[in-house]
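Chains as they are written, first to last, in the working numbering: chain Z, 31 to 139; chain U, 677 to 791.
Fair warning: there could be bad hints in the mix.
To be verified - Calculated lysine-lysine pairs in the BS3-like style (CA-CA distance at most 27 Å, straight line):
(1) Z:72 - U:759
(2) Z:72 - U:733
(3) Z:88 - U:718
(4) U:733 - U:759
(5) Z:101 - U:718
(6) Z:101 - U:733
(7) Z:52 - U:754
(8) Z:87 - U:754
(9) U:718 - Z:72
(10) Z:72 - U:754
It should be emphasised that the hints constitute simulated quantities derived from the structure, not laboratory data.
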Amino acid sequence: GENVEQHPSTLSVQEGDSAVIKCTYSDSASNYFPWYKQELGKRPQLIIDIRSNVGEKKDQRIAVTLNKTAKHFSLHITETQPEDSAVYFCATNTDKLIFGTGTRLQVFP
Amino acid sequence: EPEVTQTPSHQVTQMGQEVILRCVPISNHLYFYWYRQILGQKVEFLVSFYNNEISEKSEIFDDQFSVERPDGSNFTLKIRSTKLEDSAMYFCASSEAFADQETQYFGPGTRLLVL
Numbered sequence: 031g032e033n034v035e036q037h038p039s040t041l042s043v044q045e046g047d048s049a050v051i052k053c054t055y056s057d058s059a060s061n062y063f064p065w066y067k068q069e070l071g072k073r074p075q076l077i078i079d080i081r082s083n084v085g086e087k088k089d090q091r092i093a094v095t096l097n098k099t100a101k102h103f104s105l106h107i108t109e110t111q112p113e114d115s116a117v118y119f120c121a122t123n124t125d126k127l128i129f130g131t132g133t134r135l136q137v138f139p
Numbered sequence: 677e678p679e680v681t682q683t684p685s686h687q688v689t690q691m692g693q694e695v696i697l698r699c700v701p702i703s704n705h706l707y708f709y710w711y712r713q714i715l716g717q718k719v720e721f722l723v724s725f726y727n728n729e730i731s732e733k734s735e736i737f738d739d740q741f742s743v744e745r746p747d748g749s750n751f752t753l754k755i756r757s758t759k760l761e762d763s764a765m766y767f768c769a770s771s772e773a774f775a776d777q778e779t780q781y782f783g784p785g786t787r788l789l790v791l
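Please model the complete structure; the sequences and the hints are all you need to start from.
The structure is reproduced here in structure tokens:
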């Protein structure tokens, strides 16, 4: 079955710095790659997604890149703010979501 | 903006008891899912459901689990005889279509504690 690996497991940055989270997947049939943000005790919230027909997508301070050949995709957050602190999950969707193991991002003021 | 809702938000039960977790998917969505998240771990797929039948289930979804769409709005997950290891957050999700590029929207979750 599909396997999604995510790194790093924890990431601490200073406010204003950039944060990058990377994921690799195994199923070459995967065509949709969402990223979810989960605050403590809350539901996963979709923050950005990318489909396999594009290599990059940006939404304000958040961007995602996809390399289908290498089977990896990354989340980039620029100008981080304390409210970006949360656990971030990458996922692939081949009719069900397969999540990565999560990255706990802490942004220090 | 329409949202997936779930009840109860918290459930405490004794081992061996049956629990029913309830979800109301977004109204025009046709595909429904249950996921679980053990504390501190990743979200794991349990089951997908469409047209009143299970589309796919994971190895976690054994004979103790069942799902049902009892009416036009609710979608339920039943655990027949709860075990300690069933303690987790259970999320319902729904999507408009069943495709590998379809966004799934999550409910707020039910935190289940089995004692």
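Hint by hint, here is what the structure shows:
Among the hinted pairs, residue 72 of chain Z with residue 759 of chain U is consistent with the structure: their alpha-carbon atoms are about 24 Å apart, no more than 27 Å. Restraint check: the Cα-Cα separation between residue 72 of chain Z and residue 733 of chain U comes to about 24 Å, which is no more than 27 Å; the hinted pair holds. As the CA atoms of residue 88 of chain Z and residue 718 of chain U are separated by approximately 25 Å, the hinted pair is consistent with the 27 Å bound. Between residue 733 of chain U and residue 759 of chain U the alpha-carbon distance is near 19 Å, which keeps this suggested pair within the 27 Å criterion.
A C-alpha spacing of about 20 Å is found between residue 101 of chain Z and residue 718 of chain U, which places the hinted pair at or below 27 Å, so the restraint holds. Of the supplied pair hints, the one linking residue 101 of chain Z and residue 733 of chain U holds, its CA atoms being roughly 25 Å apart against a limit of 27 Å. Between residue 52 of chain Z and residue 754 of chain U the alpha-carbon distance is near 36 Å, which puts this suggested pair outside the 27 Å criterion. The straight-line distance between the Cα atoms of residue 87 of chain Z and residue 754 of chain U is roughly 39 Å, outside the 27 Å bound, and the hint therefore fails.
For the suggested pair residue 718 of chain U and residue 72 of chain Z, the alpha carbons sit about 13 Å apart, so the restraint of at most 27 Å is met. In summary, the hint linking residue 72 of chain Z to residue 754 of chain U is supported, as the alpha carbons are separated by about 22 Å, within the 27 Å threshold.
The structure shown violates the earlier hints numbered 7, 8.
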